[in-house]
Amino acid sequence: MGDGRGDGGWIWARRTRRVQVAVALAAVALTLVLAQQPVRGAFNGSTNSTGNQVSTATTFCASPGNSTVTATADSFVDLGSPTSFSGGSATFLVVTPQAAATRRILVRFDPLPTVPARCTVTTATLQIFAETLVAGRTLGAYRADPNVAAWTEAALNWNNQPAALVPAATAVMPATDQYVSWTVTSQVKDLYTLGNNGFVVRDQDETGTGAWQQFNSRAVATNKPQLYVAWS
13 MGDGRGDGGW IWARRTRRVQ VAVALAAVAL TLVLAQQPVR GAFNGSTNST GNQVSTATTF
73 CASPGNSTVT ATADSFVDLG SPTSFSGGSA TFLVVTPQAA ATRRILVRFD PLPTVPARCT
133 VTTATLQIFA ETLVAGRTLG AYRADPNVAA WTEAALNWNN QPAALVPAAT AVMPATDQYV
193 SWTVTSQVKD LYTLGNNGFV VRDQDETGTG AWQQFNSRAV ATNKPQLYVA WS
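Just so you know, we're using our numbering here: the sequence shown kicks off at 13 and counts up by one.
Hints are supplied without guarantee of correctness; some may be wrong.
As the list claims (entries may be wrong) - For lysine to any residue, the following SDA-like pairs were computed, each having C-alpha atoms within a straight-line distance of at most 25 Å:
| # | residue 1 | residue 2 |
| --- | --- | --- |
| 1 | Lys-236 | Glu-165 |
| 2 | Lys-236 | Gly-152 |
| 3 | Lys-236 | Ala-167 |
| 4 | Lys-201 | Phe-141 |
| 5 | Lys-236 | Leu-124 |
Because the hints were derived from the structure by calculation, they are not lab data.
Please model the entire structure based on the sequences and the hints provided.
Here you go:
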């Protein structure tokens, strides 16, 4: 027969074991109950952790779209007649590459299409209708320097023309009368942010002897110069 301390230790061990078994059975029962209950709740857009926050995007374009506008001013300048004016009433615009008789086109779209808040320009295309074609020559469309006074059809000439800012969008002339298109996406983005003084269109090589290239001006009834802008 053991002493009192031995009997007490045995009784304590049995009681402890019973408590452990009871706790384990309660945990199993609770797990079964939870597994049988559907979980309901609503996500409110945030958590208690500062590292896991959800918020509404502030740069979302709610109104993606596009717009095509026609030129509000156009003209051409002539190195051979550096003080002459040709804009406003002429039905044609001319580009030539001759070193002594270089001609360049200037065209402006003002105002530009309105791009909604939080939208950005994704595509922009300058289109000018070409006639009397010289197929295969490459023409560049440049952004006209906005850091000088805005040019006007009545006063623009070779001597006061704005500089043509690089880079240029280029297009190769086709063999039939049609719209010639320049992809001017980066240039148009700069028109919105840096100032709009229009475009300069010129031969990429102005040291040649090629014939002139004629385009429709905004004074004609159809096929006027156009600018297409898309945003999203």
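Verification of the hints:
1. A distance of roughly 16 Å separates the Cα atoms of Lys-236 and Glu-165; the hinted pair therefore holds under the 25 Å criterion.
2. The straight-line distance between the Cα atoms of Lys-236 and Gly-152 is roughly 19 Å, inside the 25 Å bound, and the hint therefore holds.
3. Restraint check: the Cα-Cα separation between Lys-236 and Ala-167 comes to about 21 Å, which is no more than 25 Å; the hinted pair holds.
4. About 23 Å separates the Cα atoms of Lys-201 and Phe-141, which keeps this hinted pair within 25 Å; it holds.
5. Of the supplied pair hints, the one linking Lys-236 and Leu-124 holds, its CA atoms being roughly 16 Å apart against a limit of 25 Å.
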